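These protein sequence lines are chains A and B, in that order.
Just so you know, we're using numbering that gives the first Met the number 0 here: the first sequence kicks off at 0 and counts up by one.
Just so you know, we're using numbering that gives the first Met the number 0 here: the second sequence kicks off at 0 and counts up by one.
Derived by calculation from the structure, the hints in this document are not laboratory data.
Values in this document were obtained by computation on a predicted structure and should not be read as measured data.
Every residue, glycine too, gets a C-beta built ideally from N, C-alpha and C.
It is possible that some hints are incorrect.
Said to hold, decoys possible - From chain A, some residues computed to sit far from chain B (all C-beta separations above 10 Å): (1) Lys20; (2) Asp47; (3) Thr50; (4) Leu54; (5) Glu83; (6) Val86; (7) Gln89; (8) Gln95; (9) Ser99; (10) Glu101; (11) Ile105; (12) Pro109; (13) Ile132; (14) Gly136; (15) Ala137; (16) Asp152.
Stated by the list, open to error - Selected chain B positions facing chain A (in silico; Cβ < 7 Å): (17) Val3; (18) Arg10; (19) Leu16; (20) Lys17; (21) Ala40; (22) Thr41; (23) Ile44; (24) Ala45; (25) Arg49; (26) Met52; (27) Thr69; (28) Gly72; (29) Lys90; (30) Asp104.
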Amino acid sequence: MKELSLHILDIAQNSVNAKAKTISITIDEQPDKNLLTIGFEDDGCGMDASTLARLNNPFFTTGNKKTGLGIPLLQQHAEAAGGELRVASQPGKGTQVLASFEYHHIDRQPMGDIVGTWIGLIRSYPHINWIYIHTKGANRFVLDLSEVREQLDGLPVNHPEVIQFLKSMMEENLNEL
Amino acid sequence: MGKVKTLDDLRKMREELKSKTALRDKSEHSEGMIQVKVAMATCCIASGSRETMNYLADELDKRNIEAVVTQTGCMGYCYAEPTIEVTIPGKEPVIFGYVDEKKADEIIEKYIRHGELVEGIIPMNYKNIEDTTK
Ligand SMILES: Nc1ncnc2c1ncn2[C@@H]1O[C@H](COP(=O)(O)OP(=O)(O)OP(=O)(O)O)[C@@H](O)[C@H]1O
Ligand code: FES
Ligand SMILES: [Mg+2]
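Chain A with its partners taken away, still in its complex shape (with noise of 0.2 Å):
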């Protein structure tokens, strides 16, 4: 992967597959304490103790048409950029990710397009409850989807003008972190 925005489509990708109904990802960066971590919630069908086991290994997949590599790979490019990666999960409740980086670490992936990826995901999962939060240093971006629904009130969030609505907002808010 060449940028942080694509492990993250991939990751939540995970939490799609496991039947979330509601899926946040954090960003935290900050730079004076050298640290940006990336953070995914979700309430989807969870692991028991051995899956969450076997997690690092690469090729590890309960899901068919599926190669098990995105766990390992990000935990990868998280080691090599001083990080590393935490999951946590219960059976039947939801799981946690949590990788970690040194935010001016020479091999710290960029975040790249991640409207793109925010984009696509309410695209392809406009009935999930995606909830966005991206802070850097003191500034931060909430952008929930059930409070974007509540606003359409009927409307759905993947009309073509609302998703390009959402893309130039989201652009917006993130350039004014």
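Fit chain B with the ligands to the supplied structure of chain A, relying on the hints for placement.
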């Protein structure tokens, strides 16, 4: 710098949008519509499938072609990533490989709009790709 958009602005444009559009949620009325599935397993994503998917969705919208773009898992043609499957109602699904933006544009204009074949089709045994993400 101009004012940054907020959800209030969205609420303000809502009525206008509603009056222009049939209130239709594509993902719930997808039968009979053109279906485009983009393979989005880990290595597909690494090979550029996000760009392919967003481009296809944006362009189909812009060109007023009613279609549903969804994600699916590995299609088994990893050597030709990014891969997509296009199903035109009443026709067998067709898989295309190496779909970058240029190829995607060609697929929309030639295959989707006019039913003409374009280069890059991957032969398969007339079997639909199951949606593993449902
Ligand atoms: N959020 C989650 N909830 C429940 N199970 C999960 C979650 N994330 C990962 N898993 C389990 O861990 C396995 C490995 O995940 P990983 O992302 O590494 O590979 P994959 O999703 O199976 O394939 P790929 O990501 O290569 O397309 C999954 O098949 C699934 O069983
Ligand atoms: S992993 Fe991408 S098509 Fe196989
Ligand atoms: Mg995965």
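These are the hints, each one checked on the structure:
1. Every Cβ of chain B is farther than 10 Å from the Cβ of A/Lys20; the closest lies at roughly 14 Å, confirming the non-interface assignment.
2. Here A/Asp47 stays apart from chain B, with its beta-carbon at least about 21 Å from theirs, past the 10 Å limit.
3. Distance check for A/Thr50 against chain B: the nearest CB is about 17 Å away, which clears 10 Å, and the non-interface claim stands.
4. Consistency note on A/Leu54: stated as away from chain B, and its beta-carbon is indeed over 10 Å from all of that chain's, at 14 Å minimum.
5. At the 10 Å boundary, the C-beta of A/Glu83 stays outside the reach of chain B, the nearest C-beta of that chain being 19 Å off.
6. Even its closest Cβ contact with chain B, about 16 Å, leaves A/Val86 beyond 10 Å, as expected for a residue assigned away from the interface.
7. Remark: the non-interface label on A/Gln89 is consistent with the geometry, its nearest Cβ contact in chain B lying 22 Å away (cut-off 10 Å).
8. Residue-level check passed: A/Gln95 sits 20 Å from the nearest beta carbon of chain B, beyond 10 Å.
9. Non-interface call for A/Ser99 relative to chain B: holds, since the shortest CB-CB distance, roughly 20 Å, exceeds 10 Å.
10. No beta-carbon of chain B comes within 10 Å of the beta-carbon of A/Glu101; the shortest separation is about 22 Å.
11. Even its closest Cβ contact with chain B, about 21 Å, leaves A/Ile105 beyond 10 Å, as expected for a residue assigned away from the interface.
12. Residue placement check: A/Pro109 keeps its beta carbon more than 10 Å from all beta carbons of chain B (closest about 15 Å).
13. Its beta-carbon lying about 15 Å from the closest one in chain B, A/Ile132 satisfies the requirement of being farther than 10 Å from that chain.
14. Its beta-carbon lying about 17 Å from the closest one in chain B, A/Gly136 satisfies the requirement of being farther than 10 Å from that chain.
15. Non-interface status of A/Ala137 relative to chain B is upheld: no Cβ of that chain comes within 10 Å, the nearest being about 17 Å off.
16. Consistency note on A/Asp152: stated as away from chain B, yet its beta-carbon is not over 10 Å from all of that chain's, at 6 Å minimum.
17. At a threshold of 7 Å, the smallest CB-CB gap from B/Val3 to chain A is about 4 Å, leaving the interface hint in force.
18. For B/Arg10, the interface hint holds, the least distance from its beta-carbon to any beta-carbon of chain A being 4 Å, beneath 7 Å.
19. For the restraint placing B/Leu16 at the interface with chain A, the shortest Cβ-Cβ distance is roughly 6 Å, inside the 7 Å limit, so the hint holds.
20. Hint on B/Lys17 holds. Least Cβ distance to chain A is approximately 6 Å, under the 7 Å limit.
21. The beta carbon of B/Ala40 is positioned within 7 Å of a beta carbon in chain A (closest approach about 5 Å), and the interface hint is therefore held.
22. Taking 7 Å as the C-beta contact cut-off toward chain A, the hint placing B/Thr41 at the interface holds, the least distance being around 4 Å.
23. For B/Ile44, the suggested interface contact is upheld, since its CB lies about 5 Å from the closest CB of chain A, less than 7 Å.
24. Checking B/Ala45 against chain A: minimum C-beta separation of about 5 Å stays under 7 Å; hint holds.
25. At its closest, the beta carbon of B/Arg49 sits 5 Å from a beta carbon of chain A; the interface hint therefore holds under the 7 Å criterion.
26. Taking 7 Å as the C-beta cut-off, the interface hint given for B/Met52 holds, the closest approach to chain A being about 6 Å.
27. The criterion of a C-beta within 7 Å of any C-beta in chain A is met by B/Thr69, whose closest approach is roughly 6 Å, and the hint holds.
28. The interface hint given for B/Gly72 is met, as the beta carbon of that residue sits about 3 Å from the closest beta carbon of chain A, less than 7 Å.
29. The interface hint given for B/Lys90 is broken, as the beta carbon of that residue sits about 23 Å from the closest beta carbon of chain A, more than 7 Å.
30. Checking B/Asp104 against chain A by beta carbon gives a least distance of about 18 Å; that is not within 7 Å, so the hint is violated.
When held up to the earlier numbered hints, the structure conflicts with 16, 29, 30 and fits the remainder.
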